Amino acid sequence: MPNYSITQIANLDPIACPCGKARRAFVAEAESPASLHEVDITENARTHFHKTMTEFYYVIEGNGFVELDGDRHAVRPGDAVLIRPGCRHRAVSEPGKPLKILNVCVPAFDPADEWFD
Numbered sequence: 001m002p003n004y005s006i007t008q009i010a011n012l013d014p015i016a017c018p019c020g021k022a023r024r025a026f027v028a029e030a031e032s033p034a035s036l037h038e039v040d041i042t043e044n045a046r047t048h049f050h051k052t053m054t055e056f057y058y059v060i061e062g063n064g065f066v067e068l069d070g071d072r073h074a075v076r077p078g079d080a081v082l083i084r085p086g087c088r089h090r091a092v093s094e095p096g097k098p099l100k101i102l103n104v105c106v107p108a109f110d111p112a113d114e115w116f117d
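The sequence shown begins at 1 in the UniProt record's numbering and counts up one residue at a time.
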């Protein structure tokens, strides 16, 4: 087995997530230390948190905000956000203006570690 993996994110099927639609790469890779997601953020994102996973958001396009433990922060392309375990969060696009982020999850995304109040 090779010591690498290459994925074409655009060819992955989008999956519904609390913030919109995600294309998730490297989630099913054996022993992957992280996963990479391209997420199309919606206006009605749900606040959630993770008990063990750390997330990094990098804004690719659009404008909107991230809500972190109840505090709103405007974001635009080039902004990066670190979200530690336990931080209640969501990203939200401006009405009619798509927001797209790159999301790195450490360890790799596990749906069992997605929590809602």
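Fair warning: there could be bad hints in the mix.
To be verified - Label-pair distances were calculated between CB atoms; the ranges are:
(1) G70 x D13: 19 to 25 Å
(2) A28 x G96: 33 to 39 Å
(3) D71 x L102: 18 to 24 Å
(4) E43 x N3: 38 to 44 Å
(5) M1 x N63: 39 to 45 Å
Keep in mind the hints are simulated off the structure, nothing from the lab. Keep in mind the model is a prediction, meaning the values are calculated, not measured. Heads up, the beta-carbon is just placed ideally off N, CA and C, and yes, glycines get one too.
Status of each hint after checking the structure:
no. : hint                   : in the structure
1   : G70 x D13: 19 to 25 Å  : violated, 33 Å
2   : A28 x G96: 33 to 39 Å  : holds, 35 Å
3   : D71 x L102: 18 to 24 Å : holds, 22 Å
4   : E43 x N3: 38 to 44 Å   : holds, 41 Å
5   : M1 x N63: 39 to 45 Å   : holds, 42 Å
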